[in-house]
Amino acid sequence: MGKATEMNDKTDRTDQAIDSGRREFIGVAAGVGAAMVAPGVILHAVAATPRSQPVSSDVRWGLLVDTAKCADGCSACVEACNEENGLNLQTKPERESDLKWDAQKSVWIRKVKLQDNQTGRITNLPMMCQHCEHPPCVDVCPTGASFKRADGIVMVDRHLCIGCRYCMMACPYKARSFIHDELQGQLTAVPRGKGCVESCNLCVHRRDYGEASTACVDACAAEGHHAIVFGDLKDPNSPINQKLRELPSRQIREDLELNTGVRYSGV
Amino acid sequence: MKRIVYREWRIPPQRYWSILGVLAAVVGVGALAFGYMEHQGHWVTGMNNSVVWGTPHVFAVFLIISASGALNIASIGTVFHKPIYKPLGRLSGLLAVALLMGGLLVLVTDLGRPERLIVAMTHYNFSSIFAWNIFLYTGFMAIVIAYLWTMADRQGGPFNRSVGILALVWRLALTTGTGSIFGFIVARQAFDAAILAPMFVAMSFAYGLAVFILVLMFAFDDEGRPIGPRMLRRLKNLLALFVAIVLYFTLIYHLTNLYVAENDALESWLLLKGGIYTFLFWVGWVLIGGLVPLGILYHPQLSQDRRWIAGACALVIVGGLATMYVIIIGSQAFPIQMFPGRTVLESGFFDGVNGQAAPYWPTIPEILLGLGGVGVGLLITVVGVRVLQFLPESLADDVVPIDEETLDESGSAPKPA
Amino acid sequence: MAKALLRASLVAVSLVWVLAAQTVLAAEVKRYVVEGSRAAELDSCVEPTERMRRMHFEFIKHQRISTVHQGIRGTKYSLEGCVDCHISYDAKSQPQPINRSDQFCGACHAYAAVDLNCFDCHASIPNKPDLDAEAQAAHRAAGVDLSAPSDRNGEGH
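Protein chains in written order, with this note's numbering: chain R, 1 to 267; chain W, 1001 to 1417; chain Y, 2001 to 2157.
In case anyone wonders, no lab produced these hints; they're calculated from the structure. Small disclaimer: the values here were computed from a predicted structure and weren't measured. Worth double-checking, as some hints may not be accurate.
[Said to hold, decoys possible] Below, in silico cross-link-like pairs of lysine-lysine (BS3-like), each with a Cα-Cα straight-line distance of 30 Å or less:
| id | chain 1 | residue 1 | chain 2 | residue 2 |
| --- | --- | --- | --- | --- |
| 1 | R | K148 | Y | K2061 |
| 2 | Y | K2061 | Y | K2076 |
| 3 | R | K243 | R | K113 |
| 4 | R | K92 | R | K113 |
| 5 | Y | K2076 | R | K148 |
| 6 | R | K148 | R | K243 |
| 7 | R | K69 | R | K113 |
| 8 | R | K113 | W | K1273 |
| 9 | R | K148 | R | K234 |
Okay, chain R solo, but in the shape it has when bound (with noise of 0.2 Å):
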């Protein structure tokens, strides 16, 4: 409770920021950060313990890709991810092809490289669920196991899905995995298993234990990359919105109007 006083006693002192004069703002923008760092440190600190209240939409947790930081050849997030998640716990079963495992393995977070047909520049990044506001998926899923929590984290309540894969028809982002053989050592923040549908949750046990970042953007972070940012996109001071007035990004599948969570800059 204290701490959403504080949250949004921190809101009003930034919109009147805004208003004095949104240049002003962006010009004391690195003093105004190095301040942020601070009570963000402290309020880390305490926010340490399990969430006892619901999640609220007073936040929206999102990231930023900076492709021209995502190297060529660097797969940091997806092992992270693979890691932190569980993934990798997921074996090729004997007597199938390394194609076919590689087309039904689960993937969360997934590099890609492109190239511009005109130009021929090449761009870098990593593609997860883009946590929609207005989320195909949840649209379609017929119990109502895709669903988005009221921090904007979009996911999948797995004691309701029943496996029909409709939301993985239905994603413009190619974002869901389907878990297509049995699984073993699941980890205890991560449950998983056969025939239910998953995909990035934003680390989502992190979130409810206060933690400052995903495992992806740690480890780019720890690469020495700093691509991703994450943060609340409804605060006018986290990380990620300052960085967000800064560059010019915009949503993948713009056209479709989902109001993405995950935003790129550079591509």
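On the provided structure of chain R, position chains W and Y as indicated by the hints.
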């Protein structure tokens, strides 16, 4: 015109039980395939994270829309007052229920978690076409059973037309709903088209009628009940019309796509460079399922021969399965265009690297599961016609009711007083 | 009259049976808390034992909805809590999967013939990167690599 008498299917027990045995074996093998897929997990199928719906769905959707189309005959008789079709109404209703049952079973047994079917019946998300379809399918079943009652029971007679109208509207909604499962998917270029819904309605008419004619001819020939040329001519002309409508919708669908630059890549892939999908489109969908049956059904000599008519029906069914394969699987295999104007050079998840289609090849369990659904449909039909009075004793020309066509063709025909 | 009598006596007999079965069940169940688990040292679970026996699935189900949909992780009815407390370790201090037929959940569910599919998806042993030292050693012995970098703090308890 005589009174229409309905009788149970009275082929010799030996023959009946062997037919039943064969169908039961097909269903049994399908059940084994289901057990295998569920026990092992879906990795034993060809389906993957790119092509998420495979051969079972081809069979399931085919059976479901055929079910809706099979009821067409009953509707024409009851709702549109064409008395010549009335004797066929009962079989039409039975086939509709049976095929739907077969299709639904395939759909359900392919779920990742079929044991949670109860969840699908207790948790609904009404923005999902799928959730709507659960009601459309079960409602259809109930309505058709009521419809059969009004046809067969004297007490039900007065409700016949009103239930018939409800069934007609319901089955149009059902096929529209099934088409919309695909038509409302904005994510994939090949699906995102409202025309898919009416196209599915047209397809349901064609496939349902083809199945109906085949079952009718088989049942009648086996027991030596006569089908007069007049009845057969009506049925085959109707089938030809429906096949032509399907071709028309196909043409419009592709013309629309070809006109829009955005879909050029999709069309050139599907129509020219899509490998198995291109082959199935031209040879299966257009030729076998469209032009060839049309040629046969309108041919002055061949269309008189009932073996050729049966052949045309079989071709429509084969072509229909090819059509479903192209629509359901081909549309998923074509990569989603997430980055227009760019080529994907590398991807960790088959995002159409260099425009490549996603891999999919059907596996034997999938095909057996699908065939099991067909078996269930036919099994229900065979049991139904044996134990209840579904089939008219005769459809000879002097038995079936006079209809408008006859009056127009020969003015000397005796007018009913 | 005779009919009514017969019916009444049938009902009575079946009632007695049901009660007897319950008693037997309760008596048998007592043994399922596995020696050496943390739970064995406690007087009762998060609720009185009788209540847990009859209601634990309701508690877990209720918790599951608030956890998955609302992100609430702090309540006492978590499945993670069940596993943490009822898990037992073998001689080599390796955790024994709780759904195994000789362990707490598995044994009782086998006895009661109730399908147990929580552990199709959920971890049947405490499988967290920040385990206590003893469990970590057990994991290392089992060859499970837990050295993955993680800055998670406060997870789990």
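The hints, checked one at a time:
no., hint, verdict
1, R:K148 - Y:K2061, "20 Å, holds"
2, Y:K2061 - Y:K2076, "13 Å, holds"
3, R:K243 - R:K113, "23 Å, holds"
4, R:K92 - R:K113, "25 Å, holds"
5, Y:K2076 - R:K148, "25 Å, holds"
6, R:K148 - R:K243, "25 Å, holds"
7, R:K69 - R:K113, "13 Å, holds"
8, R:K113 - W:K1273, "24 Å, holds"
9, R:K148 - R:K234, "16 Å, holds"
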